[in-house]
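Could you build the full structure based on these sequences and the hints that come with them?
There are 2 protein chains.
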Amino acid sequence: MKSDVTPLKWDNETLYLLDQRILPHQEEWVTVTNVEECFHAIRDMVVRGAPLIGFTAIWGVVLYLKNNSNASLDSYIERLNYLRTARPTAVNLEFEIDKAIIRGSEFHKMNGNWNGFYDEMVQFAKDQMTKLLEDNLAMAKTALDELNGRLEDRPWNVMTICNTGALACGPMGTALGVIEYLGENKKIEKVWVSETRPYMQGIRLTAYELVKLGLPHDIVVEGASNYLMGRNMVDAIFTGADRIASNGDSANKIGTGTLSIIAKYFNVPFYVVAPTSSFDLNINSGDEIDIELRDPNEILSVQGIRIAPNESTAFNPSFDVALAENITGIICEKGLISPVTKENLLRVVNQ
Amino acid sequence: MKSDVTPLKWDNETLYLLDQRILPHQEEWVTVTNVEECFHAIRDMVVRGAPLIGFTAIWGVVLYLKNNSNASLDSYIERLNYLRTARPTAVNLEFEIDKAIIRGSEFHKMNGNWNGFYDEMVQFAKDQMTKLLEDNLAMAKTALDELNGRLEDRPWNVMTICNTGALACGPMGTALGVIEYLGENKKIEKVWVSETRPYMQGIRLTAYELVKLGLPHDIVVEGASNYLMGRNMVDAIFTGADRIASNGDSANKIGTGTLSIIAKYFNVPFYVVAPTSSFDLNINSGDEIDIELRDPNEILSVQGIRIAPNESTAFNPSFDVALAENITGIICEKGLISPVTKENLLRVVNQ
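From first to last, the protein sequence lines are chains A and B.
Each residue of the first sequence is one higher than the last, beginning at 1 in our numbering.
Each residue of the second sequence is one higher than the last, beginning at 352 in our numbering.
Careful, some of the hints might be misleading.
Within a straight-line C-alpha distance of at most 20 angstroms, the following computed EDC-like cross-link-like pairs (lysine to aspartate or glutamate) qualify [said to hold, decoys possible]:
1) K541(B) to E311(A)
2) K190(A) to E662(B)
3) K264(A) to E676(B)
In case anyone wonders, no lab produced these hints; they're calculated from the structure.
Now the structure itself:
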């Protein structure tokens with residue numbers, strides 16, 4: 001299984017990125033031929049979503065090697081450190097750049113040149129994307145099994161927030177990958193899409209992917225979760241995670257924690273879907289997760305039009321934390337963690 | 352005390368309504384000279400807010416009488432029933448129309464014509480607005496007493512949703528009237544304003560009033576309530592109500608029920624502020640409250656710009672119900688109902 005939506009293509013030694021800033025109404029590809037163009041594509045949010053930023057960075061390294069086959073190791077490291085600064089808060093970017101620096105340093109010290117390293121990195125980039133596809137597919141299968149065991153045998157109404165589809169991940173999504181897989185298995189009646197203020201990832205990007213997938217969906221405002229769940233209109237909720245603490249507290253897009261409390265109140269199963277690379281076993285709980293505060297103008301203006309009075313200000317935390325006690329289960333490529341406790345989490349992750 | 356913001360003026364036998372659809376950046380008045388224009392002004396949301404809709408409807412009756420001094424009683428009733436259908440969830444509209452039909456029927460049957468009824472209704476409309484001002488001031492005083500008894504003696508961080516200020520009520524607000532009064536008593540540190548998607552009453556109208564009042568405020572997205580309350584950044588929440596059932600279940604703007612559950616989860620006091628005219632003792636619980644489903648385009652487009660894919664649809668319930676069990680207290684002009692039970696509610700209302 002592979003999503004119909006492809007945000008990144010490698011073709012004829014060139015990287016093509018679907019410009020997510022102008023979706024859903026325009027589908028345009030940005031051509032990236034060198035590491036500087038890759039930097040700008042990441043910084044200017046042509047691509048977003050932690051895994052996709054990571055993949056884009058790896059292809060940036062590949063492009064550097066293509067254009068600079070005689071570069072010194074120092075130049076290689078300098079340009080990769082430059083690429084790292086495109087989105088300072090994106091963990092996957094840092095992670096992939098660190099790996100590429102270590103790998104490149106070892107290769108260059110052993111061989112004295114870059115001969116063969118370009119091909120190695122092309123293969124590595126492809127392998128990474130294949131691995132994520134396999135992992136996300138494993139998560140989707142786990143989710144289907146879990147719902148089959150818990151819900152009536154009929155198509156379900158599922159809800160999601162933000163965008164966790166192919167647009168965020170590359171080959172296949174996490175939470176939205178689950179929903180895609182449920183759809184392929186004829187288990188989707190309707191998808192409730194939280195519009196995801198302020199950046200509108202739900203209404204712009206998740207809805208775009210659901211249109212491409214042909215899955216029936218209705219967009220709702222965040223405030224509607226009590227209305228929908230109080231009327232038994234939601235069978236299950238799937239969200240992604242940016243970082244999961246060892247006790248299972250999960251940081252994700254602002255609104256996710258709110259959604260988890262409403263779900264708990266109405267006994268609607270609430271699942272976090274994320275690969276183990278999003279787990280941070282060095283922290284004990286969500287209290288230790290730093291939350292990015294973003295530009296208030298993301299709230300105060302929409303599509304460049306100021307909505308709020310000129311004198312008003314806004315407070316714009318970009319993420320929040322769903323507490324473990326409000327999460328029915330965390331689904332990673334190694335299986336289901338449920339109930340969400342530190343013991344269960346470590347058992348599944350370390351198996 | 353009277354707010355600096357005036358949403359409705361009666362001058363030279365003409366009704367002028369501040370066009371709330373284009374606030375905060377433009378202040379324009381819509382001229383209303385007959386009952387049909389009054390219907391459209393209510394339906395098209397030139398005015399909104401249950402009490403203001405009620406007052407606008409009374410002035411609509413006045414305008415009908417001005418233009419149709421020889422109308423039959425049947426015509427009078429027919430046109431008032433037409434006006435009643437402008438907005439389904441607002442109890443005040445129904446309430447005022449019912450009263451005007453009864454009052455008009457008695458008058459016409461006794462006198463055989465409308466001579467003098469126009470002047471009587473003009474005076475009635477003015478008296479009603481004076482009464483609401485007095486009632487809302489009584490509610491504000493009750494709220495201050497309640498918080499003084501419950502919270503530390505310092506300025507507080509309070510949260511609200513939608514717009515329940517003078518723009519919603521006429522002379523002075525309900526929940527926002529409370530906040531204004533707390534501000535006058537130096538008890539406001541900051542007001543958290545839920546932006547209130549999809550119609551943006553918070554970011555557009557409440558922020559507009561808070562600017563006029565000079566009260567410090569930050570606008571937040573609906574999804575941020577878990578973030579704020581989980582970090583003890585909210586001392587109390589005040590919301591309005593469009594209709595309150597006899598058990599205390601309260602219908603209000605979509606997102607209010609969601610907010611009440613988050614407040615309960617974090618033990619943040621949550622108050623509904625509404626005059627007894629918003630109480631519907633004929634219904635037992637929120638299940639019996641008819642919720643208006645509005646145009647999906649309110650979600651799909653912002654400021655006339657389509658955000659969602661063209662193929663996507665939205666589901667747009669305009670209100671939801673905060674359950675009595677999640678409301679710390681209901682504050683009406685007769686006092687505080689807390690804990691919120693049918694017995695307490697009837698005791699306060701009938702005193």
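We went through each hint and held it up to the structure:
1. K541(B) to E311(A): holds, 15 angstroms
2. K190(A) to E662(B): Holds, at about 15 angstroms.
3. K264(A) to E676(B): holds, 16 angstroms
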